[in-house]
Amino acid sequence: MSTATVMSGHKGLEPFKGYELKITRVFDAPRELVWKAWTDPSMQMQWMGPRGFTTTELEMPKTPGASWRRTMEGLVPATGASVRLKQHGIIREVKPPELLVFSFAWDVPSDVGLSNMDFEENTITVRFEEKGNKTVMTFTQGPFLTASACDGHTGGWNSSFDKFAEFLMNEQPGRVPDANDVPTELHLRRFFQAPLDLVFAAWTKPEMLAEWWAPKGFTIPRCEFEGKGGGKIYLEMKAPDGTVYPMSGRVVEFYAPYRFHFTATPLDKDGNAIFETWNSVFLEEKNGGTELTLDVHVRSMTDAAPMYLRGMKEGWSQSLDKLAQLLKRH
Amino acid sequence: MNESNLDTTFAALADPTRRAILARLALGETSVTELAKPFEMSMPAISKHLKVLEKAGLIDRGRDAQTRPARLNPAALKAAAAWIDEYRKFWEESFDRLDAYLQRLQADKAKQKQAMRKISGKKER
Chain X
1 MSTATVMSGH KGLEPFKGYE LKITRVFDAP RELVWKAWTD PSMQMQWMGP RGFTTTELEM
61 PKTPGASWRR TMEGLVPATG ASVRLKQHGI IREVKPPELL VFSFAWDVPS DVGLSNMDFE
121 ENTITVRFEE KGNKTVMTFT QGPFLTASAC DGHTGGWNSS FDKFAEFLMN EQPGRVPDAN
181 DVPTELHLRR FFQAPLDLVF AAWTKPEMLA EWWAPKGFTI PRCEFEGKGG GKIYLEMKAP
241 DGTVYPMSGR VVEFYAPYRF HFTATPLDKD GNAIFETWNS VFLEEKNGGT ELTLDVHVRS
301 MTDAAPMYLR GMKEGWSQSL DKLAQLLKRH
Chain D
1001 MNESNLDTTF AALADPTRRA ILARLALGET SVTELAKPFE MSMPAISKHL KVLEKAGLID
1061 RGRDAQTRPA RLNPAALKAA AAWIDEYRKF WEESFDRLDA YLQRLQADKA KQKQAMRKIS
1121 GKKER
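Chains as they are written, first to last, in my numbering: chain X, 1 to 330; chain D, 1001 to 1125.
The set of hints was computed from the structure by calculation and includes no laboratory data.
The structure presented is a predicted model; accordingly, all values stated were derived computationally and were not measured.
For each residue, glycine too, the CB sits at the ideal point set by N, CA and C.
Warning: the hint list may mix true and false statements.
What the hints assert, rightly or not - Part of the chain X face toward chain D, derived, beta carbon under 7 Å: (1) L186; (2) R189; (3) P215; (4) K216; (5) E284.
Bound-form chain D, shown alone:
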């Protein structure tokens, strides 16, 4: 999947209603009427969302003129799901750095304590 496709995918996914529609479609092909049911949304409003999803290549619409059922296009979503994994890696790498930093701080503190003990030890004599 090329970069501009991924951008459209994310614009399509930025809306919670559209994400919910995709979750429903994950269970199988569904008619527009069925999709509209849980949202208390007008049919034109749902159709608008479906158009965005279709343009982003996330769903396919069947050819049955009456019902035009919607169906998930899995390849598009796999690429989008990878994004959050990259964001997770950002945090995990930051935590690696935090870990190293905390160890350095405590090692420095221990060295300082040792140095102080040596000095006070010398003073006592």
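With the rest of the complex left out, here is chain X:
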């Protein structure tokens, strides 16, 4: 879950302080392991960086006042050329196993499309709280000078934390998922025997999205998708029984053809949100085809959420019966 919020002063007397990024994640791992995975460079290097990026260099001392440095390598959107991104800062506070505070800056902001007008060195605070045998991490970064610079960091950090979650699971081979767990995250991976550009087009061109983004038996009579930061998403899924399920959303970040992040909110017939998800799509060329990774986080939920899915499910199982009848006649 993440939000870009305005840091406000008291009673309007203080000047505008800037935008703050806040991400809260629950990891299925004890706090000691989460702390170690963050602060031991050999471990952090294995997960830090959005999907498609690898940390190749990391200096991370544990003394306040000392400098840290990181280099990540990955592919540049659109050109497919390799790029090295460097970050640095000063460690401010280290309180094992609960608090990390450090400053953050890009060596070359223009490498990530930022200018001096929208980014200055800022501060990251990471808190770890124990919740049973899980850990709640609260990550805040700010201030950002513009909302778009703030949004522009959201996808990257969330993607790093998706890799972090996978890393933590691999570090605990014996761990059994809680029978009483109510997960609010979904991670799906699928291989398609098709070139990367084609898969990306199918995901981002509205006329192509309309061919598949719905359950079996549904049609998509209306589909809008603007492939750019801040772009609009709107589609209507029509069930075989005629019920229309609208969905609204926003593209938060867009890095063609490898990665994009968007929110998706199914709406009820009055246009109210039923639940809201944060989604990250990552595409990678593999074995002559394309591997897709989708990370979904349910950010908020109302009472209507289970009914929505149940209704859709009923819609399409009925349609399958109809289809079976139809096919019998031919």
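Given chain X's structure and the hints, the job is docking chain D onto it.
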């Protein structure tokens, strides 16, 4: 579990503090004081959350007047956990359709190429 119960369950689960409380209770019966510790929250605030969870049938409170320990009610959660599995199925079915669509597109492209070759082949003669 009937539909209206499931709705209350989800309203109860929509709050991250309440989800964290449930995660803690998964380890065993706990007193309110113990539950409040990690949250830096006042006792009345924690009690409010516990009331919501109790009303939703997710937890039971013990009868000990002094401590009224809280305990997880597992049946309620099993139904709630199934929701995300249904959402996963939505995506998996969509991916099935995407797969079929991509195969169709590439097959059409191949047919077009073949047709073009035939035409240009004829032209060369």
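Hints, one by one, checked against the model:
no., hint, result
1, L186, "5 Å, holds"
2, R189, "10 Å, violated"
3, P215, "5 Å, holds"
4, K216, "5 Å, holds"
5, E284, "16 Å, violated"
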